[in-house]
Amino acid sequence: MSVSGWFRFKGRSIFSWSFMFQRITGVVLLIYLIAHLTYLSSLFDRTGATYEGMIAITVSKQFLVFDILLVLCGVFHGINGFRIILHEFGIAYEYRKPLLAIFTVIAVAVWLYASYVMYSLTGG
Amino acid sequence: MVEFKIRRYDGEKSYWQSFEIPAKRGMTVLEALYYIKENYDSSLAFRASCRMGVCGSCAMKINDKPRLACETQVLMLGNAVKVEPLDNFRVIKDLITEFEGFFEKHKAVKPYLIRKDDVYAEPKELLQTPEELNEYYIFTLCIKCGACYSVCPAAATLDDYLGPAAMAAAYRFCADSRDEGQRERYRIVSSSNGVWRCHLAMECSEVCPKNVEPAKAVQLLRRKTAFSILKSLLGW
Amino acid sequence: MEYDIVIVGAGIAGMRAAIAAAEKSRKLSVALIAKTYPIRCHSVCAEGGTAAVLREGDSFELHAWDTVKGSDFLADQDAVEFFVRECPVEIIRLENWGCPWSRNEDGTIAQRPFGGHSFNRATYAKDRTGLHEVHTLYERMLMYDNIEIFPEYFITNLAIENGAVQGVSAIKLKTGDMEFFEAKAVIFATGGAGRLYGFTTYSHQVTGDGLAIAYRNGIPLKDMEFFQFHPTGLIPSGILMTEGCRGEGGYLLNRNGERFMKNYAPEKMEIAPRDVVSRAMWTEIIEGRGFEGEYGPYIALDLRHLGEEKIEERLPLIRDAAIKFAGVDPVEEPIPVKPVAHYTMGGIDTNMRCETAVKGFFAAGECACVSIHGANRLGANSTAECLVFGRVAGEVAAEYALNAKPGKISAEFRQKEEKRIFDDLLGKSGDESPYQIKKELNETMDKNMWIFREENGLKEAVRKIRELKDRYRNVEINDRSRGFNTDLTSTIEIGYMLDLAEVVAIGALKRQESRGAHYRLDYPKRDDENWLKHTLAYYTPEGPKFDYKPVTITKWKPVERKY
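Chains as they are written, first to last, in the working numbering: chain A, 1 to 124; chain B, 1 to 236; chain C, 1 to 563.
Pulled out of the complex, with its shape left as it was, chain A reads as follows:
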């Protein structure tokens, strides 16, 4: 069964866009999770050499862009997720448009702050 039905945007409202991004960021986070666990499993060799090598690459100014994008996915998925959980309990459905706006603003704000922190930590 194809999943292309999740990604229709012609003539759709912002709620469909939010739904689409929730799917996309979810997939990204899943891929990241697998990568992250693989990454951490390199510690099994007890020397930490592979781990240190990977840290040197990934925690750097050049890699910052990917981190910022990753944090965007995580923050969006999480905060939008809160909104969805709220509605799925049947709460505040009448205010869905304002709620979408508010939660998006919160997500962007958190993301900008997190990006700033990461930027300063990588010596920028």
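Hints are computed from structural coordinates only; laboratory data are not their basis. Nothing false has been slipped in among the hints.
Derived EDC-like pairs (lysine to aspartate or glutamate); straight-line CA-CA distance at most 20 angstroms:
hint: 1; chain 1: A; residue 1: Lys10; chain 2: B; residue 2: Asp64
hint: 2; chain 1: C; residue 1: Lys439; chain 2: B; residue 2: Glu38
hint: 3; chain 1: C; residue 1: Lys174; chain 2: B; residue 2: Glu100
hint: 4; chain 1: C; residue 1: Lys324; chain 2: B; residue 2: Glu31
hint: 5; chain 1: B; residue 1: Lys124; chain 2: C; residue 2: Asp106
hint: 6; chain 1: C; residue 1: Lys24; chain 2: B; residue 2: Glu122
Across the chosen pairs, the derived CB separations fall in these ranges:
hint: 7; chain 1: C; residue 1: Asp527; chain 2: B; residue 2: Asn39; range: 39 to 47 angstroms
hint: 8; chain 1: C; residue 1: Arg482; chain 2: B; residue 2: Leu234; range: 54 to 62 angstroms
hint: 9; chain 1: C; residue 1: Thr554; chain 2: B; residue 2: Lys231; range: 54 to 62 angstroms
hint: 10; chain 1: C; residue 1: Pro316; chain 2: A; residue 2: Val105; range: 32 to 40 angstroms
hint: 11; chain 1: A; residue 1: Ile68; chain 2: B; residue 2: Gly101; range: 41 to 49 angstroms
hint: 12; chain 1: A; residue 1: Phe66; chain 2: B; residue 2: Leu234; range: 40 to 48 angstroms
Residues from chain B that keep clear of chain A, each with C-beta distances beyond 12 angstroms, as calculated:
hint: 13; residue: Tyr15
hint: 14; residue: Gln17
hint: 15; residue: Ser18
hint: 16; residue: Glu31
hint: 17; residue: Asn39
hint: 18; residue: Gln73
hint: 19; residue: Met76
hint: 20; residue: Glu98
hint: 21; residue: Ile114
hint: 22; residue: Glu131
hint: 23; residue: Glu132
hint: 24; residue: Leu234
Just so we're clear, the structure is a prediction, and the values are computed from it rather than from any experiment. Note that beta-carbon positions come from the ideal geometry of N, C-alpha and C, so glycine has one too.
Starting from the known structure of chain A, arrange chains B and C on it as the hints suggest.
Chains B and C only, in chain A's frame:
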């Protein structure tokens, strides 16, 4: 003059056909379709009946959004109007789609009042205050047009998904103060092609021509179903 | 396919009949055939309410008297007396089945005033009574295993052999094939014939299919010349603005801003019966006191003084429709309306048990004429009639089917029917467009068979209809495909309408009096001496043959009808 581009299907192949319509103020898309049928090409097939937005026959995709053709004004759509059959339904011919499955799903949720004292021969008046009526009234307005089902991503990716309309119908009865069949219905909708598959795209509420808000009905149904399951697990 | 009972038409009457038959015996197999899905029927358009004697202060006697007086004494009074006693139980039954009737503060079912009724007995569900009744009946019908629904089957003929009904033939629209349903009993609940007119409240699908088929098979049609013109049809679509608008207190104003009804029905004013109000409005328009608009003259229906809250509570559909289809918000402006063709009082001749001249063939609802409504129908009585006589037809047909022989449609009939539709109609070439014929039919009906009729206009209508029938023999259907051929079904419908138009026009020409909704400028008085009788029209190849039968009077002798 407005150009109408219609996606047609003759049973074998799908193709686009264009017509020029002299549009007047107040002319609806349905009237335009009848104009085409009676003056240009009488093989154009579409469903229509009441022309006043209560029968639900004429739901179709107009400029990428599903609407009732009888309620859509031509001149509000611009110079070019694109008309296609609803998504997520099998096309039978031109703008006519297969609704058998849709009505089967509606039937599956037991959309009728279930009461222990159901006596056909001697009915007795049941009381219901205006407040109790308002609890579920908005959900009785569903005309089963299929617009919600056509924009639902869950329906697009799973053929068996009950769909917003069927679940709104289930909720309409669960919220009716006269009904005694809630448990039965919760069992039916509590499945992976029922309430649990809705992940809140909410497009259904945006396109419903009668403002029934099926997404709200599904969420309220989820809440009731979840509590019902919880209660039965705890032996209440 | 074989069934015990076949019901054609899935509106309020058809679905009620199916439920009644299925309840009578679970062993009976019932087939419900309709040309659309059941909830797309025309009954969903009903708005105002369903009349029933439910409360203290009301009585069956009063309801019956209102109905008989409203019918201008053409109604059969024994049938009316039976009818009014059956309405209340149907309301309660629907309520038990889930119908969301509007309620009083104490939880009891509410009722509102309606035209022609001397007690507030119209039970209503906001102003979408038809929508809710249809959905309730449909949902209830899903509970019965012995009812099988056949949506999108287009009926073409009735099979009558050896003086009894054997079944029906219908085109399965999806595939285009002809299907034959053999049955012990057949009920027609196919609705009226409003699309004869151009300006009408009817859905596109109401083309008198059952009426024409019964007529062509020798079953008489009764009182066809009586067409009701509802006072308030929205301009320009003809969409119904329910009588409830006036029942809730709306005013009708001419261009001078006056409530002109005081000159025509000083006691009841706007809630006089529909024929009285329609004639009043049309007189105002003809005499130049209507407003001028881009679609012609009109009358204003003013609801502004009711206030937004009351309109939203009691008349939400009206407000929605006026905004969507006429661009007018009733809270701020008056609605432009004019009289519109609305109901077919006439129909297949039946008795009180829905039986017709052919054994095993029954009719109920708008397509039948018992006659309850006589020469003019009171508002809120039609949905009530469909419920009551739908039930009667279902039960009587079930009783009949329990003892009848199975239907058998001969091979000869099957061949003839397939040839008639697919070879003779679909296959032939010609030079007439069926849609052009329909357009001209609508024009002549709107002009000559409207509220005020007179001899020359009627004669012209008859001549034109005969000319159109001739031209119809030469139609060519462009769409030659089989699957979902709406061109073919539209053309067959136009054929039905032409046959019915002839019956209506000649019947109106022959009836030289004015009674109820049939008003002759050349014979403006009611003539009880010569015309207190029902018109019966029988099919002959040269045109309808007319006969008459007396009205059943039990209690109320005809008196002058004043409001």
